[in-house]
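Asks: Sequence:
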Amino acid sequence: MALKTSTGAQFAKIMGVGGYRPRRVVDNAEIVTYIDSSDEWIRTRSGIVERRWASEDETIQMMSVSAARKAIERAGIEPGQVDTVIVSTVTHLSQTPAIATTIANELGAKGAAAFDISAACAGFCYMVAMADALVRAGSSKYVVIIGVERLTDLTDIHDRSTAFIFADGAGAAVIGPSDVPAIGPVVWGSDGDQADLITQTQPWDTAIPRHERGGHDPVAQAAAAADGVDDPQATATWPVLRMNGNPVFKWASYAMAKTAAEAMDAAGVQPDELEVFIPHQANNRITDAMFRALKLPEGVVIARDIINHGNTSAASVPLAMETLLESGEAKPGQTALIIGFGAGLVYAGQVITLP
Numbered sequence: 001m002a003l004k005t006s007t008g009a010q011f012a013k014i015m016g017v018g019g020y021r022p023r024r025v026v027d028n029a030e031i032v033t034y035i036d037s038s039d040e041w042i043r044t045r046s047g048i049v050e051r052r053w054a055s056e057d058e059t060i061q062m063m064s065v066s067a068a069r070k071a072i073e074r075a076g077i078e079p080g081q082v083d084t085v086i087v088s089t090v091t092h093l094s095q096t097p098a099i100a101t102t103i104a105n106e107l108g109a110k111g112a113a114a115f116d117i118s119a120a121c122a123g124f125c126y127m128v129a130m131a132d133a134l135v136r137a138g139s140s141k142y143v144v145i146i147g148v149e150r151l152t153d154l155t156d157i158h159d160r161s162t163a164f165i166f167a168d169g170a171g172a173a174v175i176g177p178s179d180v181p182a183i184g185p186v187v188w189g190s191d192g193d194q195a196d197l198i199t200q201t202q203p204w205d206t207a208i209p210r211h212e213r214g215g216h217d218p219v220a221q222a223a224a225a226a227d228g229v230d231d232p233q234a235t236a237t238w239p240v241l242r243m244n245g246n247p248v249f250k251w252a253s254y255a256m257a258k259t260a261a262e263a264m265d266a267a268g269v270q271p272d273e274l275e276v277f278i279p280h281q282a283n284n285r286i287t288d289a290m291f292r293a294l295k296l297p298e299g300v301v302i303a304r305d306i307i308n309h310g311n312t313s314a315a316s317v318p319l320a321m322e323t324l325l326e327s328g329e330a331k332p333g334q335t336a337l338i339i340g341f342g343a344g345l346v347y348a349g350q351v352i353t354l355p
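Counting with full-length UniProt numbering, you get residues 1 to 355 for the letters of the sequence shown.
It should be emphasised that the hints constitute simulated quantities derived from the structure, not laboratory data.
On a predicted model such as this, the values are computed, not experimentally measured, just so you know.
Don't take every hint at face value.
[Stated by the list, open to error] List of simulated lysine-lysine pairs, DSBU-like, C-alpha gap at most 35 Å:
hint: 1; residue 1: 258; residue 2: 141
hint: 2; residue 1: 110; residue 2: 331
hint: 3; residue 1: 295; residue 2: 250
hint: 4; residue 1: 141; residue 2: 70
hint: 5; residue 1: 4; residue 2: 141
hint: 6; residue 1: 295; residue 2: 331
hint: 7; residue 1: 331; residue 2: 250
hint: 8; residue 1: 110; residue 2: 70
All chains should be built: construct the whole structure from the sequences, respecting the hints.
Replies: Now the structure itself:
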């Protein structure tokens, strides 16, 4: 007996993109009240002038739904047509259920397959690759992908190496069938040997002792008592993100230029044919180094969203894409290279046609 398999559209494309940026604008003047730094140092080191920090009501769910609704409207489809929702985030602090399920429900994508992934700053490009494959395999027709972060929940605002970088926001896209090629092959991978360069300082089970998690933990209490501490919670600290900046900068600037070149080659696109470059918004200096290494033409449009919105991890590529399209700097139908890279270390990139 031969099993039946599904087949979908010959090609897939990004049909629409949408973003949500938190209301609160935090400039460098405020940041330097928390760390020993200066506006000039921050601008020189990163290019960042200001960033957005989420308020209490601007939750992962709220920002995701707002961004996704814009993307769905711009794609020209109804929420009920969405059959898959994928969310990339490292700051949804509940292990289960996946937040994609409640986002799909609020969007009106009833019965949609829904799941979360954790691919840090490469998350959006990972999801583009997955959605492209799902549409062409016939497993899905319209996929909503959402990169969303509240990085300020895991940021130590007194850490001079990270406090000025991280920000919050959500970016979404709809991927569906296309009559022509519009998403090139993904080039992706990881380098676990360098996983310790960007990390959460501690896992949740050490940050929150067992007796505080709903159970009696005599071992933890005995250990604390031996140290002269009555309450183990007194020794616990909230996990935050730490980054070893110099090695990450070198890796992103040079190794990712190679990945970007491979993505263009896989798509059959020469550097002088590229019209738009949208790298993960990690650091303006990294973007400049990649531009030089790729030998891109002077006229190519380069995303500089980091200047006003900071590093939003999985949300940064779609937010930067929306900024370029809304401003008119980039046009629908242009050929763009997108690439993401971050903790893990993970990376992914592909050439796309802008929606």
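Asks: So, for every hint listed, does it hold in this structure?
Replies: Now the hints, each set against the structure:
| no. | hint | verdict |
| --- | --- | --- |
| 1 | 258 / 141 | 32 Å, holds |
| 2 | 110 / 331 | 33 Å, holds |
| 3 | 295 / 250 | 18 Å, holds |
| 4 | 141 / 70 | 19 Å, holds |
| 5 | 4 / 141 | 18 Å, holds |
| 6 | 295 / 331 | 22 Å, holds |
| 7 | 331 / 250 | 32 Å, holds |
| 8 | 110 / 70 | 18 Å, holds |
Every hint from the earlier list agrees with this structure, and none is contradicted.
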